[in-house]
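Numbered continuously in our numbering, the sequence shown closes out at residue 179.
It is possible that some hints are incorrect.
[What the hints assert, rightly or not] Below, simulated SDA-like cross-link-like pairs (lysine to any residue); rule was C-alpha separation at most 20 Å, straight line:
1) K101 / I67
2) K101 / V26
3) K65 / S99
4) K65 / S88
5) K101 / I45
6) K101 / L115
7) K101 / S63
[Unchecked claim] Okay, the calculated beta carbon distance ranges per label pair:
8) N127 / W90: 25 to 31 Å
9) A40 / S153: 28 to 34 Å
10) T14 / A64: 36 to 42 Å
11) R142 / P121: 44 to 50 Å
12) E160 / D120: 15 to 21 Å
13) A126 / M150: 36 to 42 Å
14) V119 / K65: 42 to 48 Å
15) A47 / D70: 15 to 21 Å
16) D120 / N66: 33 to 39 Å
17) D120 / R142: 45 to 51 Å
18) E165 / Q57: 32 to 38 Å
19) Q106 / A47: 21 to 27 Å
Simulated from the structure, these hints should not be mistaken for lab results. A virtual CB, placed ideally from N, CA and C, is assigned to each residue, including glycine.
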Amino acid sequence: FAEFSHTISPYVAPLTEFVGTRAFVGGTAVIIAPGFAITASHVIEEIWAQFGYNRSAKNIELDIYVNQLTTGACWYVCHASSWIGTDITVLSLKARNEQARSASIGRLPITVDPPPPEANVTALGYPNTELTIPRNDHNVLEMNFSITPTVSEGAVIEIHRSFRDTANLRFP
Numbered sequence: 008f009a010e011f012s013h014t015i016s017p018y019v020a021p022l023t024e025f026v027g028t029r030a031f032v033g034g035t036a037v038i039i040a041p042g043f044a045i046t047a048s049h050v051i052e053e054i055w056a057q058f059g060y061n062r063s064a065k066n067i068e069l070d071i072y073v074n075q076l077t078t079g080a081c082w083y084v085c086h087a088s089s090w091i092g093t094d095i096t097v098l099s100l101k102a103r104n105e106q107a108r109s110a111s112i113g114r115l116p117i118t119v120d121p122p123p124p125e126a127n128v129t130a131l132g133y134p135n136t137e138l139t140i141p142r143n144d145h146n147v148l149e150m151n152f153s154i155t156p157t158v159s160e161g162a163v164i165e166i167h168r169s170f171r172d173t174a175n176l177r178f179p
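Model the full assembly from the supplied sequences, consistent with the hints where possible.
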């Protein structure tokens, strides 16, 4: 896959979730610094819905992982923080394997401002990716991925401020 050699691929990873042998690949996380990633709040809500939870649920028992597919690094999501006024969730990550413990993750600059017209933008996601878990016990965790990484690139033509998160983010 050419997508794995893209310059953003070390920072972008699918979110995988499971309880026992029931699995779901839902959404994409962006690793922004060692131990931290961000995703959209609606992604987390969709993950919860797949397992019968909603925003008001207490004591959610669900394993969520960020898997860096180019290196095999895997982080456990130990905490997710969302704010009511945005569609952003910050994920606190804990290394799950040696690749994650030794991964060199640089800090990414973040802004809530829209990109200016003519700026180049890139998106990397994993639509239609599937995960099956034939075995998950104290001795073995066996997972099978069917991966479809997809990169989209282009230049911003125009900003439609009146259609951009008007209820969530206020732009100048």
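Given hint S88 paired with K65 - CA-CA distance at most 20 Å: 14 Å, holds
Outcome of range test on Cβ distance (D120, N66; 33 to 39 Å): Cβ of D120 to Cβ of N66: about 37 Å, so the range 33 to 39 Å holds.
Given hint S99 paired with K65 - CA-CA distance at most 20 Å: OK: K65 and S99 at ~19 Å, within 20 Å.
Range hint compliance [Cβ, Q106 to A47, 21 to 27 Å]: About 26 Å separates the Cβ atoms of Q106 and A47, which means 21 to 27 Å holds.
W90 and N127 - C-beta distance against the hinted 25 to 31 Å: 28 Å, holds
Satisfaction of the hinted span 36 to 42 Å by the C-beta atoms belonging to A126 and M150: 37 Å, holds
Restraint status (C-alpha distance of K101 to I67 at most 20 Å): Within the cut-off at roughly 18 Å; holds.
Consistency of beta-carbon spacing, D120 to E160, with hint 15 to 21 Å: 20 Å, holds
V119 paired with K65, Cβ distance criterion 42 to 48 Å: At roughly 30 Å between Cβ atoms, K65 and V119 fall outside 42 to 48 Å, so the hint is violated.
Distance restraint between K101 and L115, which requires alpha-carbon spacing of 20 Å or less: At roughly 18 Å apart (the allowed maximum being 20 Å), L115 and K101 satisfy the hint.
Whether the CB-CB distance between A40 and S153 falls inside 28 to 34 Å: Given range 28 to 34 Å: holds, Cβ gap about 30 Å.
Whether the CB-CB distance between A47 and D70 falls inside 15 to 21 Å: 20 Å, holds
Hint violations for this structure: numbers 7, 14, all remaining hints satisfied.
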